[in-house]
Amino acid sequence: MLSTSEKANAKVVPILSAGDGELESISKTGMLSLTLEEMKTIQAYFKAAGRDPLDAELETIAQTWSEHCFHKTFRGAYEYSEVALDGEEALAKTPRTYENLLKETVFRATTEINAPWCLSVFKDNAGVIAFDDEDAICFKVETHNHPSALEPYGGAGTGLGGVIRDVLGCGLGGKPVMNTDVFCFGPLDTPASALPEGALHPKRIARGVVSGVRDYGNRMGIPTSNGAIYFDPGYVGNPLVFCGTVGVIPNSMIEKSVKPGDLVVAVGGRTGRDGVHGATFSSAPLEKGITSSVVQIGHAIMEKKTMDALLQARNKRLYRGVTDCGAGGFSSAIGELGKDTGVRVDLEKAPLKYQGLAPWEIWVSESQERMVLAVPPENWNTLRTLFANENVEAVALGTFTDDKRLTVAYHGEVVVSLDMEFLHDGAPKLRLKAEWDTNIHRKRYREENLPVAAGGATRDDIGGTLRALLAHPVIASKESVVRQYDHEVQGGSIVKPFMGAEKDGPTDAAVFRPKLSTWRGVAVSNGMNIELGKWDPYLMAKAAVDEAYRNLIAVGGGLKEAAILDNFCWGDQKNAHDLAALVRASEGAKEAALAYGLPFISGKDSFHNTWRAPDGQLHSIPPTLLISAIGVIDDVRQCLTSGLRGAENLLYVVGETRGETRGSIAAALWQDQSGKLPIVKLSESRSLYRKLQAGMKHKFVLSCHDLSDGGLAVAAAEMAFGSALGVEIEPPKKGFDLSSVLFNETPGRFLVEVAPANKEAFEQTIGLLFAERVGKTVKKPSVAIRVDGNILFEETTRALKDLWKRSLAGL
Amino acid sequence: MATYIIEIHPKKAEFDPLGRQVKNALIDAGEPAKSASVETSRLFRIGGNLTPEQIQNVASTLLLDPVVETATVQDTAPVKGKKPAKARGGFVLDIWPKPGVTDPVGETVEKGLRDLGISGEISAASAQRYFFPKVSSESLIKNLARRSLANELIHVIDIRKG
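As given, the protein sequences belong to chains A and B, one line each in that order. First residue of the first sequence: 32, per the working numbering; consecutive thereafter. First residue of the second sequence: 1113, per the working numbering; consecutive thereafter.
Please note that a few of the clues may not be correct.
[To be verified] Straight-line alpha carbon distances no greater than 30 Å define the calculated DSS-like cross-link-like pairs of lysine-lysine that follow:
| hint | chain 1 | residue 1 | chain 2 | residue 2 |
| --- | --- | --- | --- | --- |
| 1 | B | Lys1210 | A | Lys336 |
| 2 | A | Lys124 | A | Lys460 |
| 3 | A | Lys154 | A | Lys134 |
| 4 | B | Lys1210 | A | Lys335 |
No wet-lab data here; the hints were simulated from the structure.
With the hints as constraints, model all of the structure from the sequences given.
In structure tokens form, the structure reads like this:
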């Protein structure tokens, strides 16, 4: 019987007689982030049950149906149309409908590719691919944007803690072996007058995020080996923090199960008020008046102890199922695990940090460092002792049942009683209109949000442009940040974040050995293109997939199976144009994935990344898609890096160079967007990448670097940075100006070093159409650009490297 | 139940890296270099039925690194006739977590107290202290605290004369 006793502190929420306005008010006051249609669906459910809901029931539904947990926008039904185009590819000459955008784009690529190396996709806490006969690799990347905007150190640290727990909660538990982090901040020199009210300065956010991730990852003993940092005015009021973790999981432990009669066991930290409403808060725009309760603070040592105990328990097969307590806390974790069976929980058994919590607070708290297990009763004592030996609390909160209901009690009084089917499948589908209007996109992302030039340069000033690019925050060395992260712990690192003669040259992907018993390894890379997203998210998405894949290929090693993850960070999901941008990006990502045979194995989306400027105008972040790529490397001893290997070797650009400077960082510096937008020629690139891999296999390639931000000139300089050598670039004559040749960011290209003895064999392997000689390596440590036999620009590698390293040295 | 404040600070000869960092932030904020000196220390508020000897033991074995740090212990209970501490000038800034905000260091200290054999009801909280001996402007300290050192969403900022 449901009750409103003082002991339970459960409150009845009168919705049965509420009108539309009142329903909306209940959702807003309670921070439930439920739409009117959702509230009415809930009202109908309880009408049929003959009663009003209790507060804990509404909270449970709100968490389960939240954007963060349910991805309702991405799973929604769309009607997409194009109101105005200006050179963008038309995706729908007449309105195009999707019944489920995620299923028909990103997920469709995976089902069509049907890769045999994909062992678990889009169903568990992380995606899983095959590694060897004994083990598989799991990978998850997700964001923690709003918490990091409010409390950068705590928000970023717990973002990493959460994704580590996703790997721990994958199958029967993956062992975390590597972290990756990508951050998007506002420019560090943003004037205080440009900050939204109450917003922290980007410099403060950056320092807090960097140190939060550092302290959590290092204390967990997990190497952080890959990442990126971007800066753009669009993130001033809303930074983005992507955290990812790779794990190793035995092939026999990829699946989990729950049986009626199993105990619901919570392990790890205690429960407090921190993070209450975290899931629904992430579904709301950042505004004033946020309370401290939504901020989560992490305790890495607790998570390390929990991880150690959990993996021991896993190996002893003491539990059948596991998941992490993330967004929504117990309500999500226990609700998910018990979805197919039913579950009964007694909340008074949950260990608390302090007294005075209402049952609903205990139930939806997002206190960190907690996992939930399904434990056969006969294993309970052994499991409890094992955890106690590691100084970790393990408490039985209830039992999985066979009644297909979620029943939560507090001191014997039921505070939640819901059908699992309604809870998990009862949310009404969002029906959304998506209208692409190039004029809105231009105004919002190119007229109101121009990037800050790093000192500026003109198109005809080659040296000035190169220097400005190297010092540009997006291109500049992130060594001051990366060195704070331990990338050697666990002993498996092969291609590290910085390598080369002075161990400070950049690399394209991280390569590591998850198991020290084999030379088989894993490569992780990422791809993102914010500038292109300001023009056309369709092109942006293709470019992001291409870049992530290119970075994997650049490290060689005999790349075998590869897969990708998507993380969409978007603005206002109530805005038809923002939704159209999402449709375009989803289609672009799908196309690229299909072309390259790269299945998506996991993904996340984050909406409501909006903020109010001092003038009161609401801004969305630029459409941002992070593609994380992971691949299995046959033999890590065959891997390559970007540092040059010897003098008088030949340099080739592999891939077609087109004068596509629009959307490049150089074009932003020049304030000249007159060029064309870069496009990815997917089928050409696919064929070319295979040829390059063949060339690598035959050892024709000595070093390799992908061409991305800053184009050829920057890539050449970076290769010199990773060596004690220099480069002489002699750009080929094309039908466009020299600056376009040197600085365009056309995707699908690499800069490779080839010994003269292998010239013919290499050119034959790649084909002369796409292997273009662009210069040579030299003994003199300098970067020179030669045109018609004359040196047009020359600077010592040391001077350019100092510029490249100095720019962000204080971060 | 007695409550003590234990202050852990670097020994006189030791370099204070956090102090240097905050000094640079003060200079960036416009304070002349010669008056921008900063001394930092870690604070622990320990509550429980501890004897003075026990609390000294906690300070010296659990909380400080005896090679480079030193500790002072203050009983927060008012003592009749006790003279107030001599004013040092400048300002003291203490930053504590708000009630209910997770304090991982405090939680770890509580566990440490139990490991030392202290039983009964105990509590521990941690904080950061900054002492600005030569700064004369309280508003400068307040701004520095809000902009760089604390987050008012999760911290209590306590500024008083040194």
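Each hint, compared with the structure:
{"no.": "1", "hint": "Lys1210/B / Lys336/A", "verdict": "holds, 26 Å"}
{"no.": "2", "hint": "Lys124/A / Lys460/A", "verdict": "holds, 26 Å"}
{"no.": "3", "hint": "Lys154/A / Lys134/A", "verdict": "holds, 13 Å"}
{"no.": "4", "hint": "Lys1210/B / Lys335/A", "verdict": "holds, 25 Å"}
Checked against the numbered hints above, the structure breaks none of them.
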